[in-house]
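Peer 1: Make the full structure from the sequences, and use the hints.
Sequence lines, in order, name chains E and H. Note that the working numbering has the first sequence beginning at 1, numbered continuously upward. Note that the working numbering has the second sequence beginning at 1, numbered continuously upward.
Everything labelled a hint here was simulated from the structure, so no lab data went into it. Do not rely on the hints blindly, as some may be mistaken.
[Said to hold, decoys possible] Restricting the straight-line Cα-Cα distance to at most 27 angstroms, the calculated cross-link-like pairs of lysine-lysine (DSSO-like) are:
hint	chain 1	residue 1	chain 2	residue 2
1	E	Lys17	H	Lys146
2	H	Lys115	H	Lys102
3	H	Lys184	H	Lys95
4	E	Lys293	H	Lys3
5	H	Lys169	E	Lys5
6	E	Lys17	E	Lys5
7	E	Lys21	H	Lys109
8	H	Lys184	H	Lys109
9	H	Lys157	E	Lys5
10	H	Lys184	H	Lys115
11	H	Lys109	H	Lys95
12	H	Lys31	E	Lys5
13	H	Lys14	E	Lys293
14	H	Lys21	H	Lys33
15	E	Lys17	E	Lys31
16	H	Lys169	H	Lys184
17	E	Lys21	E	Lys91
18	H	Lys56	E	Lys17
19	H	Lys122	H	Lys146
20	H	Lys115	E	Lys5
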Amino acid sequence: MEVGKYGLLQTFADILKLIQKEYIVPALADKVLFTIAPVIIFVAVYLGFVALPWAPGLVPANMNLGVFYVFAIISIEALGILMAGWGSNNKYSLLGAVRSVAQMVSYEIPIGFVIISAVMISQTLDLQLINYNQGILAKQDILFLGFINVNHVGGFLAWNVFQAPHLLLAYVIYFIASLAECNRAPFDLPEAESELIGGFHTEYTGLRFAFIFLAEYAMMFLVAMLGVTLFLGGWNTPLPNFGSFKLAEYTTGIFWGIFWVMGKCLLVVAVQMWIRWTLPRLRVDQLMTLCWKVLTPIAFACLVISGLWRLLLF
Amino acid sequence: MIKEAFNGLRTAWKGLALTLKHFGGATEAKKVKGIAEANYFEQQNGIATVQYPHQKLPVPEVGRYQLEVVIDDCIVCDLCAKICPVDCIDIESIKATEAIGKTSDGSVKRLYAPKFDIDMAKCMYCGLCTTVCPTECIIMTPQYDKSVTHISDLNYKFATMTEVEAVEKRLEQEKQLAERQAAKLAAMKKMQEDN
Numbered sequence: 001m002e003v004g005k006y007g008l009l010q011t012f013a014d015i016l017k018l019i020q021k022e023y024i025v026p027a028l029a030d031k032v033l034f035t036i037a038p039v040i041i042f043v044a045v046y047l048g049f050v051a052l053p054w055a056p057g058l059v060p061a062n063m064n065l066g067v068f069y070v071f072a073i074i075s076i077e078a079l080g081i082l083m084a085g086w087g088s089n090n091k092y093s094l095l096g097a098v099r100s101v102a103q104m105v106s107y108e109i110p111i112g113f114v115i116i117s118a119v120m121i122s123q124t125l126d127l128q129l130i131n132y133n134q135g136i137l138a139k140q141d142i143l144f145l146g147f148i149n150v151n152h153v154g155g156f157l158a159w160n161v162f163q164a165p166h167l168l169l170a171y172v173i174y175f176i177a178s179l180a181e182c183n184r185a186p187f188d189l190p191e192a193e194s195e196l197i198g199g200f201h202t203e204y205t206g207l208r209f210a211f212i213f214l215a216e217y218a219m220m221f222l223v224a225m226l227g228v229t230l231f232l233g234g235w236n237t238p239l240p241n242f243g244s245f246k247l248a249e250y251t252t253g254i255f256w257g258i259f260w261v262m263g264k265c266l267l268v269v270a271v272q273m274w275i276r277w278t279l280p281r282l283r284v285d286q287l288m289t290l291c292w293k294v295l296t297p298i299a300f301a302c303l304v305i306s307g308l309w310r311l312l313l314f
Numbered sequence: 001m002i003k004e005a006f007n008g009l010r011t012a013w014k015g016l017a018l019t020l021k022h023f024g025g026a027t028e029a030k031k032v033k034g035i036a037e038a039n040y041f042e043q044q045n046g047i048a049t050v051q052y053p054h055q056k057l058p059v060p061e062v063g064r065y066q067l068e069v070v071i072d073d074c075i076v077c078d079l080c081a082k083i084c085p086v087d088c089i090d091i092e093s094i095k096a097t098e099a100i101g102k103t104s105d106g107s108v109k110r111l112y113a114p115k116f117d118i119d120m121a122k123c124m125y126c127g128l129c130t131t132v133c134p135t136e137c138i139i140m141t142p143q144y145d146k147s148v149t150h151i152s153d154l155n156y157k158f159a160t161m162t163e164v165e166a167v168e169k170r171l172e173q174e175k176q177l178a179e180r181q182a183a184k185l186a187a188m189k190k191m192q193e194d195n
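Peer 2: Okay, structure coming up:
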C-alpha cells in the first residue's frame, strides 16, 4: 500500500525488488535440482494455459486432446515441487515437498473422475469444442436438464452444470479438489506460509522464489479457468435469448468471450480467496480422509451417473 | 454421513457469511488506541490492520526497549555490568586523582569511564541494569523500531572521553599511585627507624 495510488504500483515495485535480490544456494544443496526446480514448476503451470480457449475461434493451441494435455501438464508441477524439496537438502523442505506431492497426487483422483464425467456429457476432449457445446454456437443437440432443447436459447441454461444437474455436485468436488491441488487454504498445510516456514520453498530467494509463487497463483487461475471451461460454460454468455431479446446472440463474440471467461475466472478466484479468509486449515489425516473417503466415492458416483445419462437419454 | 456433510456446509456458510459481512464493513480505518485505554476493544468492525509507519500504537510506560545512558550522571560503579545476565555491558574505569564533580542527584563522581559499551545484539531486554543503577543514569527509552546496516552498529558506545584524555588520566592515576606508594614506603621506613 506504499507505492502508487492505493498501492497500485506495489506489484511492480515487488518485482523490481525480487529481480535485484541475490541468488542464495545452500552449501549442501543439490545445485542442479535446486536451480531447475523453479523453472520446471513455472513452465509447467504456464504451459497449461496454452490449451485453454478464450473466445469462439480464439485459442492459443487448438488440440483435440486439450483436457488430457492440461491434466497431464499440471501433474508435472508435482515433480518440480519434489525436486525443489529434495534439492534444498533441508529436512523441512523435504517433508513439505513430500506432503505437497502426496496431497496433489491424491487429489488428482477425484479431479480426474469429475473431469471425465464432464467430458462424458460433452463427448469430446477438445476444450474448444466443449466450449462450443455449451451455448448458442453448439454443434450438437444440447438439452437443459436432459429434456428441453436449448440450442437457440443458450445462456446459462446451456452450461454443462445445467445440461446434467449432477455436474453441479461434480463442480463442487472439482472446486474443493482444485483448492487442494494448488495448495491453497484450507488445504495449505504443506506450506502454511502465513504462519510457519513455507514447506518446499523455504530455501529459495529472489527471482527463484518469485517464480515459485507466480506459479502458485497462476495455478489458481489455471484450475479456475479449466473448471469454468468444463462446467460453467467457458466463454459462453450467462444471458439466454429471451423472446425477441436475443441477449445470448448480442453477447457472444471474441471480446465478449474474453470478457465472460475472465469474469467467471476472477469470480472463482475471488471465491477461493474468500474461503482462504474464512476456513481454518485441515489436519493431514482429515485432508486424506476427505479425499479418499468422501470426494473419491462421490466423484465416482458422478462418473457412473454421467455414463447412465448418456446411455439412457441419448 | 449426509447429516455431517450438511452440518459442515451449514457451518462453512455461516463463517463465509461472517467474512463477507466484515469485507463489506471494511471501510473504516483502524483507530489507534493504547492497550491501557478502557475502550480498547470497542472497534469491532472496519480494517484491523495498523498502517505501521504512518500509525503507531502507543507503547506502555513500563515497556522495555532500547537502552540509553546519560553518561554525565554515571558514577562508574559497574553495578549494571555485574547484574547483566548476558554480559552485554562493558565498562572500563580510571580512578580520578580527586572528586570530578557531582551528578544531577548529588552523588560524587570519582571515576572516569573511558569505555561504556552496551551490545544491543546481546541484550535480552530484562531491564535489570536500570533497576540497580544508583543514580538512574541507565534508562530504557520508548524507542522500539531500530535497525542498523552492520551488526557492529548495535554496539552502542556511550563514553564521551577521547583516547588522548584517557591516556592522560591513566598517567595521572599512575603518578598519584606512585607518589602514594613512595609516601607509604617512606612512612614505613620512618616507623622502622623510630622503633
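Peer 1: May I ask which of the numbered hints given earlier this structure violates, with the numbers listed in increasing order?
Peer 2: Numbers 5, 7, 9, 10, 20, in rising order.
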